[in-house]
Structures are given as C-alpha cells and as structure tokens.
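Each chain is listed here by its residues.
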Amino acid sequence: MAQADIQLQIPSAAFYIEPVRAFVGNLAKSLGFSRKRVADIQLVLDEVCSNAVHHGSVNATVGVKLCISIDTDALEILVRDTGTRPAGKKSWLTHERLSEIEMNRSPNNESGHGIFIAKSLSDMHEMQTNASGGTDVRVVFRFLKPRDIEI
Amino acid sequence: MAQADIQLQIPSAAFYIEPVRAFVGNLAKSLGFSRKRVADIQLVLDEVCSNAVHHGSVNATVGVKLCISIDTDALEILVRDTGTRPAGKKSWLTHERLSEIEMNRSPNNESGHGIFIAKSLSDMHEMQTNASGGTDVRVVFRFLKPRDIEI
Amino acid sequence: MDSTKLMKLREESGIKIIEIKTDLSSYAASDLRKMLEGLLAEKVEKVVVNLSQVSHINSTAVGALVGVAKRLRQSGGDLKICALADNLTRTFNLIGASSVVEIYESENSALAAF
Amino acid sequence: MDSTKLMKLREESGIKIIEIKTDLSSYAASDLRKMLEGLLAEKVEKVVVNLSQVSHINSTAVGALVGVAKRLRQSGGDLKICALADNLTRTFNLIGASSVVEIYESENSALAAF
Ligand SMILES: Nc1ncnc2c1ncn2[C@@H]1O[C@H](COP(=O)(O)OP(=O)(O)O)[C@@H](O)[C@H]1O
Ligand SMILES: Nc1ncnc2c1ncn2[C@@H]1O[C@H](COP(=O)(O)OP(=O)(O)O)[C@@H](O)[C@H]1O
Numbered sequence: 008m009a010q011a012d013i014q015l016q017i018p019s020a021a022f023y024i025e026p027v028r029a030f031v032g033n034l035a036k037s038l039g040f041s042r043k044r045v046a047d048i049q050l051v052l053d054e055v056c057s058n059a060v061h062h063g064s065v066n067a068t069v070g071v072k073l074c075i076s077i078d079t080d081a082l083e084i085l086v087r088d089t090g091t092r093p094a095g096k097k098s099w100l101t102h103e104r105l106s107e108i109e110m111n112r113s114p115n116n117e118s119g120h121g122i123f124i125a126k127s128l129s130d131m132h133e134m135q136t137n138a139s140g141g142t143d144v145r146v147v148f149r150f151l152k153p154r155d156i157e158i
Numbered sequence: 008m009a010q011a012d013i014q015l016q017i018p019s020a021a022f023y024i025e026p027v028r029a030f031v032g033n034l035a036k037s038l039g040f041s042r043k044r045v046a047d048i049q050l051v052l053d054e055v056c057s058n059a060v061h062h063g064s065v066n067a068t069v070g071v072k073l074c075i076s077i078d079t080d081a082l083e084i085l086v087r088d089t090g091t092r093p094a095g096k097k098s099w100l101t102h103e104r105l106s107e108i109e110m111n112r113s114p115n116n117e118s119g120h121g122i123f124i125a126k127s128l129s130d131m132h133e134m135q136t137n138a139s140g141g142t143d144v145r146v147v148f149r150f151l152k153p154r155d156i157e158i
Numbered sequence: 423m424d425s426t427k428l429m430k431l432r433e434e435s436g437i438k439i440i441e442i443k444t445d446l447s448s449y450a451a452s453d454l455r456k457m458l459e460g461l462l463a464e465k466v467e468k469v470v471v472n473l474s475q476v477s478h479i480n481s482t483a484v485g486a487l488v489g490v491a492k493r494l495r496q497s498g499g500d501l502k503i504c505a506l507a508d509n510l511t512r513t514f515n516l517i518g519a520s521s522v523v524e525i526y527e528s529e530n531s532a533l534a535a536f
Numbered sequence: 423m424d425s426t427k428l429m430k431l432r433e434e435s436g437i438k439i440i441e442i443k444t445d446l447s448s449y450a451a452s453d454l455r456k457m458l459e460g461l462l463a464e465k466v467e468k469v470v471v472n473l474s475q476v477s478h479i480n481s482t483a484v485g486a487l488v489g490v491a492k493r494l495r496q497s498g499g500d501l502k503i504c505a506l507a508d509n510l511t512r513t514f515n516l517i518g519a520s521s522v523v524e525i526y527e528s529e530n531s532a533l534a535a536f
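Chains as they are written, first to last, in the numbering used here: chain A, 8 to 158; chain B, 8 to 158; chain C, 423 to 536; chain D, 423 to 536.
All clues given are correct.
Stretch-level coverage of chain A by chain C, calculated; a stretch enters the list once three of its residues show a Cβ under 8 Å from a Cβ in chain C:
#, region
1, 23 to 35
2, 108 to 118
Okay, the calculated bits of chain D under chain B, using three or more residues with CB under 8 Å as the criterion:
#, region
3, 486 to 499
4, 510 to 518
35 Å max Cα-Cα, derived DSBU-like pairs, lysine-lysine:
#, chain 1, residue 1, chain 2, residue 2
5, C, Lys427, C, Lys468
6, D, Lys492, B, Lys126
7, C, Lys430, A, Lys36
Derived from the structure by calculation, the hints contain no laboratory data.
For glycine and all other residues, C-beta sits at the position ideal for the given N, C-alpha and C.
From just these sequences and the hints, can you work out the full model?
Encoded structure:
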C-alpha cells in the first residue's frame, strides 16, 4: 500500500482540538517520530486547528475537516475550514496580509504567533483558499528514514 | 446546540486503532467520565474496532468509519465496516450465530470475548447489518448527570 | 468539562500561585485567561503560574501569560512562571516569550524572586 | 513501528521474562503472540510476563496469554503474569482469565511461584 488516509471531522469548537491532538500524537509516536518531534507535530496541529476554529469556521455547527495521509516518507496533515466571509468579499489570504502578519509579529504581542509556529516546526507549510471560501492549511513532517507502510 | 457529531475514518488495519483509542479516551475524560469509565469506554472501542478490522472490512484499503455523537445525556459511538461477504451470501449477524457465540464463550478460549465485553461495559450495545453488507455497531455510554453542551 | 477545576489557586505570603493540572490548548487557555483576569480585577499584584504538570502549551496560552504579566507590571506587580517541561521551554523560546516573562526552575525560586 | 522493540526479553534462573512497554491493543497483541510462539518453538518452559508498564489490554492480547499458558502447561511449564494495573485486572476478571492464568502482584512473586 503506497499511502494510508485518515479523515476526521470535528465541530468547530476548541473543545475538540485536544482529542485530535491526542490522536495525532499517538499516531506520530507509533510512526517512530521522536518525543521532541511528536511534541512539535502536536503544537503545529494545535495552532492550525485553533486558527480553523477561531478565524475559519466560526460557527460551531460547521465542521473543521482533517485529512491525514501517511506515505513512505512523510506524515501530511490537511486542515480545512469553511470560512465565514460573505459572498463576494475577498479572502483574508493575500500576500499583503501575510507579510503584514509576519512584520507585526513580536514576542511582546499576545497573539499572532500561530502561523509562525506552524511554519517553523513543519517541513512544509502551505495555505490556500478552498472552494467553500475557507482556508486549507497543509503541513508536512518528513520521516528521518523512508518507511515501508504495511499498516 | 443539542448535539455534536464527530466523524472519523481510518484504514481497516489494527495499527490505526490505537490513535482512535487515544482520541476517544481524551474526549471521554474531557466530558467528565471517571478514570475507570474512560478505561471501559476505551476497551469497548478497542474490541468493536478490532472486530471491524479483523472480521468486517478485511481489505485494509477499505475504511472503517466511526461516528461519535455527544448529546445531553450520553456519548454514543457508531462503528461501521464494509463487510466482506460475496453478493448473495447471508450476513453473519443472525440470532443463531449470536447465541452460538454467547454459548461457546469460556474463559479457557483464546477468542470470542469481544462482543461480550462490549455488551458488558456499555449502557447500550446494538449490532445491525448495514447497507453495504457490513456491520454497524452502536454503543452508548451515559453521563451520570445530564450535561449542557456548549462546546 | 470546566477546565478551571484543573487550575488550583492558593496564596503564599501575598503571592497568588496558580497550579495548572491540564494541558494548555485553546480550550483551557481561555479558562486560564478568565482566571487571570479575575485576579487583575481583584487588584492582585503578584502571581506565580506553576506549569510542572503541563505537557503542552500553545501560543494562545503563552499569549495570555505574556499579556497579564505586562499588565501586572504596569501596576508594579508581575507574573512569573515556573517548572517548565523541555517542550514548553522550546515553545516559549520559539515565540520569544522567554524574554518577556520571567521563567524559573521551581516554584520556590519564582516566589523568592519577588 | 515494530512494537516488539517495546517488549524486552531477558532470562533469570531459567525463566524467561517479557517486560512489555506498550499498551496491548490488537496491533501489539499480534507481536506479543509472535514473540510467545517463538519461545514455544525454542522449547522454553517457564515464562513470566510483566505488565507493570501496560495501561490497556484487549481480549486479543488476553487470549494470546491464555493460549500460550495452556500450551506451556501441557509440557510441564507455565506462563504467569504480574504487576497488573487496576483496569487490567478488571479486564482479566471480566473475561474470566484470572481463573485460567496465574496472576501475581510483582515480578519477584511470579518468579518465586515456579
Ligand atoms: N484559518 C484561518 N481563517 C481565517 N483567518 C486566518 C486563519 N488562520 C489565520 N488567519 C488570520 O491570520 C492571523 C494570524 O494568525 P496566527 O499567526 O495564527 O495568530 P493568531 O491566531 O494568534 O492571530 C489571524 O489573526 C487571522 O486574521
Ligand atoms: N464486525 C464484524 N463483522 C463480521 N463478523 C463479526 C464482526 N464482529 C464480530 N463478528 C463475528 O462474531 C464473532 C465473535 O466476535 P467477538 O466476540 O468479538 O470475538 P472474537 O473477535 O475474538 O472472535 C467473531 O469471531 C466473528 O465471527
């Protein structure tokens, strides 16, 4: 089997991020990631899911979707929210907004560290506006050695 | 919000049962179930998922689906496999087969304890043949006190 | 579940000590923030947050600690944290919060620093 | 990951001791069964399985222990288990396996019982 896929959908509420973190932590550990790396993966996941819940699918009855893929050389996690923008309004996700967020980031600020953390601790971080007008965030964590998945 | 639903789909392989157990354990703990009850819920989940993986969706590329609902008085988990029976063949799930399994159960046997455990430790246990010819197992764990879900 | 049950508040020689017994993702972070704002409202000046039983913290929770530390300093007080697991230290360092909030090895050293 | 790495095998005065450092769901249970069948193939007679670091066990893993205990007894040997957490004891009791496999408080008492 070349790839294994896991789908997970939770209500858009912070309460459900902890179980998701437990799921991914357990999975990453079983895949052989080091303790340190497992903690990094869990933190990135927490930050990306928190953004999906707080800025993306703001209405709790709407879900946040995760697709977790395991292939021979990496664990990949896609987090998809539905967005909240009224029809016609532009997506928040522009180069200008992203460089503004990056420029304004300061240790003194209470917020604005999530995207920075996700970028810093993952091997690949990608954000895209999706079909429903929300945000797709894709993060990749590579295995040190390629693995044969027979699981 | 009257009810919250979580959907989870894993490849049909034993490897993925552990992360699911971590997810549900964390969720049950956050919902206020006691340590003992959390362990029971995790064991039932393990038994039901193991059956889905080993007897139900035997082909690993086919998935096992979980639907987890939280309402005011209970946590409910539905585990759905796709089955493997050739078209036209009868479902395994008959009263005769179930009483045979029950009658044959003995502490001396290496297997045949899963359904018994799931029945014993849940507040409600129900098995049904589903549309794809596989099995739906529904287990319910009631809260001691009804809860207002604002999560 | 109300995660504030997992945040124990006590006082020692005029310093409020919060001992946190839950991981600090967004859900618990908002309870932590509420508890800290409660202390600000009561005009508390000195706070120590003991993180020895925390194995995960996210940027929202770090932000709550940074924000309250800054506000307490404006009135001559402070918030100090202690007993961080390695990965919590890494998260504080990554954000840069280690240079904003005072971090101590143990609760006693945090108390002594007031 | 290969969970057999989390099952340490050693020997003390002719008794094989397996120390398990992973929870025993179906995935690890099949590795445990393989390890135990390896011992049977080597004509090992006495086995102690130390479960002190196991916080979860399912019926497949209990079944593997019961099955191997019964086969060892046929050749005059035995498999004894020790150091069960409360919920493991509950699972053994529920299945009825506590009356089939000998369970001891500690590794030493299990070894001494041979
Ligand atoms: N999924 C998302 N949907 C909409 N906006 C988002 C999303 N993720 C991030 N953002 C925007 O990017 C900003 C910076 O995010 P981040 O770096 O995680 O910090 P914070 O969440 O603390 O503000 C957010 O304040 C928000 O405006
Ligand atoms: N999801 C399922 N799909 C098909 N058959 C099942 C399923 N769950 C249980 N069974 C049947 O019921 C029997 C008893 O199951 P169980 O009590 O869990 O014991 P065990 O799995 O150890 O055999 C199984 O051997 C199998 O024949």
